Amino acid sequence: RLVRTLQMKPRRTASGVATITVLTKPWKCSSNCLYCPNDLRMPKSYLADEPACQRAERTFFDPYLQVATRLKALTEMGHITDKVELIVLGGTWSDYPESYQIWFIRELFRALNDGSQAIGNLPARKHAYESAGISCDPELLKAFVAEEHRIDNRETTYNQAFDRLYGENAAWASVSQWQKATWEELEAEHDANVDGQHRVVGLVIETRPERITPTHLAALRRMGCTKVQMGIQSLDEKVRTLNDRHTSTQQIQRAFELLRLFGFKTHVHAMVNLLGATPESDKADYLHLCNDAAFQPDEVKLYPCVLVEGTGLCERFEDHAWQPYSEPSLVDVLVSDTCATPAFTRISRMIRDISAPDIKAGNKKVNLRQLVEQRIDSEGLATAEIRHREVSLANVAAEDLSLEVVEYETTATSERFLQWVTPQGKIAGFLRLSLPHANAIAQLSEEYEAATSKTAEQRHTLPFPLQAGEAMIREVHVYGRVEKLQHAGINNAQHRGLGTQLVNRACELASRAGYQRINVISAVGTRGYYRKLGFYDNGLYQQRMLQPMS
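Residues 17 to 566 in our numbering are what the sequence shown spells out, letter by letter.
Calculated from the structure, these hints are not laboratory results. Note that the structure is predicted; figures quoted are calculated from it, not measured. Please note that the accuracy of each hint is not assured.
Straight-line alpha carbon distances no greater than 25 Å define the calculated BS3-like cross-link-like pairs of lysine-lysine that follow [unchecked claim]:
#	residue 1	residue 2
1	Lys317	Lys196
2	Lys317	Lys381
3	Lys548	Lys470
4	Lys44	Lys317
5	Lys196	Lys254
6	Lys196	Lys299
7	Lys317	Lys442
8	Lys196	Lys44
Now the in silico label distances, taken between C-beta atoms and shown as ranges [unchecked claim]:
#	residue 1	residue 2	range
9	Glu524	Tyr116	42 to 50 Å
10	Thr427	Gln133	45 to 53 Å
11	Ala529	Asp179	30 to 38 Å
12	Gln267	Glu462	31 to 39 Å
13	Ile135	Glu201	40 to 48 Å
14	Thr294	Glu200	20 to 28 Å
Yeah, the Cβ is synthetic: ideal placement off N, Cα and C, and Gly gets one too.
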């Protein structure tokens with residue numbers, strides 16, 4: 017009780033893991049959306065005043081430094097950091113060179129593997145950047161980008177300004193020379209993390225739907241990735257075109273199919289109040305996202321479009337083509353969307369961490385989600401959305417929980433969402449089971465083989481990792497306060513066998529459906545857990561044979 021009384025910001029680990037968010041370095045983006053911020057101190061779409069961005073800038077966007085300092089801060093606040101989910105943000109991951117991607121992920125794992133020793137390595141690490149001529153002083157960096165004011169005047173693009181600032185910069189070029197690593201070096205850190213003190217139980221990257229291909233997803237799996245965030249913003253192609261979001265609906269659908277077949281959790285960004293949208297069209301668009309078999313995401317960042325200086329949207333605001341919704345209209349849309357969210361989907365956020373001074377027009381309330389949930393509760397509205405139902409920090413009696421199975425169909429799989437629920441409908445844990453359609457696996461295999469046959473570096477090309485007759489566990493999650501590994505919680509959902517029961521039930525369902533084997537898209541730090549449940553390492557996944565059901 018004393019530890020929990022002294023612990024700061026207990027919600028930080030209330031979902032069952034310690035989350036560490038890191039940013040990649042500033043980099044060009046292959047898109048230029050109308051609403052997207054153009055802060056040259058940051059990767060495209062991020063702003064220097066956002067909390068995670070401030071931490072990244074103070075540490076030279078170095079992955080090792082970001083993880084080590086965040087690990088130290090969480091520990092000092094009284095949080096258990098045995099189980100860590102890494103979230104990698106910063107523009108479009110797929111736009112960065114692969115050698116940088118491998119180095120970045122290797123350094124994340126290395127910092128966790130070094131643990132407390134990593135803190136002692138910080139001074140030397142920082143000195144390397146300073147010696148190269150790179151500053152982490154906000155005022156100096158503000159001056160560094162100041163002359164590129166033409167973005168604000170819409171006379172130039174982010175990419176053009178980036179080339180002038182970074183492309184011809186000797187310091188950044190020098191640092192880029194050692195921001196490289198090999199697959200073998202990354203996999204060595206993976207091996208160390210399996211039994212490490214700070215184990216990676218989830219690794220998230222963000223990209224765009226059109227950049228998702230079978231070979232790219234195989235590379236992400238090799239890096240240890242388990243969840244992919246992708247910005248779709250809207251399913252209305254006319255709205256996307258008006259906002260210079262040049263992605264087709266067919267590309268979005270294919271991205272969903274590929275991600276599910278490869279076992280990834282799907283986490284999409286959806287925006288309301290875009291140019292060309294109305295409150296009613298936003299409600300219809302979200303229903304389409306949640307109910308159409310082509311989409312149905314596992315997780316959603318659902319947030320309103322806001323006006324930021326230097327974006328193309330400023331012109332449309334000035335000529336009154338775009339205006340922000342009033343607060344009552346915005347809350348009404350988000351209430352409708354939350355109530356329309358199915359039981360297998362979690363709305364992770366309802367705002368971006370954009371500071372109020374950076375917002376010229378639009379929502380500035382940081383408690384927007386609270387306003388939405390207060391309205392839902394006060395009016396007695398029903399919602400099955402996961403985050404609204406999480407047990408969070410509440411005590412849970414395991415004997416009071418019941419196991420429910422929610423079934424739904426997608427264009428490539430049959431899905432089973434298994435959930436532990438309390439008598440009040442709160443959710444204490446869940447599992448996502450995919451039963452891939454045989455024709456979808458066959459088509460994907462052909463597509464993968466065709467793509468890899470054209471790859472120049474054949475030694476890095478992996479064989480197609482999936483086979484017919486294999487089911488897939490895409491996620492297992494138990495809520496409650498983070499408990500130390502090997503320690504059962506007191507009135508807590510963690511380490512009480514709930515995850516094991518979910519896995520065993522999923523195996524039973526897959527066997528009854530005629531599948532012979534089951535894969536799990538395990539994170540590096542959960543491999544040991546699944547080995548204890550009868551899974552063996554099998555390429556990019558762990559696998560278990562299924563017993564035929566009579």
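Here is how each hint holds up against the structure:
| no. | hint | result |
| --- | --- | --- |
| 1 | Lys317 <-> Lys196 | 31 Å, violated |
| 2 | Lys317 <-> Lys381 | 16 Å, holds |
| 3 | Lys548 <-> Lys470 | 39 Å, violated |
| 4 | Lys44 <-> Lys317 | 23 Å, holds |
| 5 | Lys196 <-> Lys254 | 40 Å, violated |
| 6 | Lys196 <-> Lys299 | 45 Å, violated |
| 7 | Lys317 <-> Lys442 | 21 Å, holds |
| 8 | Lys196 <-> Lys44 | 18 Å, holds |
| 9 | Glu524 <-> Tyr116: 42 to 50 Å | 43 Å, holds |
| 10 | Thr427 <-> Gln133: 45 to 53 Å | 48 Å, holds |
| 11 | Ala529 <-> Asp179: 30 to 38 Å | 53 Å, violated |
| 12 | Gln267 <-> Glu462: 31 to 39 Å | 19 Å, violated |
| 13 | Ile135 <-> Glu201: 40 to 48 Å | 22 Å, violated |
| 14 | Thr294 <-> Glu200: 20 to 28 Å | 53 Å, violated |
Comparing the model with each numbered hint stated earlier shows that hints 1, 3, 5, 6, 11, 12, 13 and 14 do not hold.
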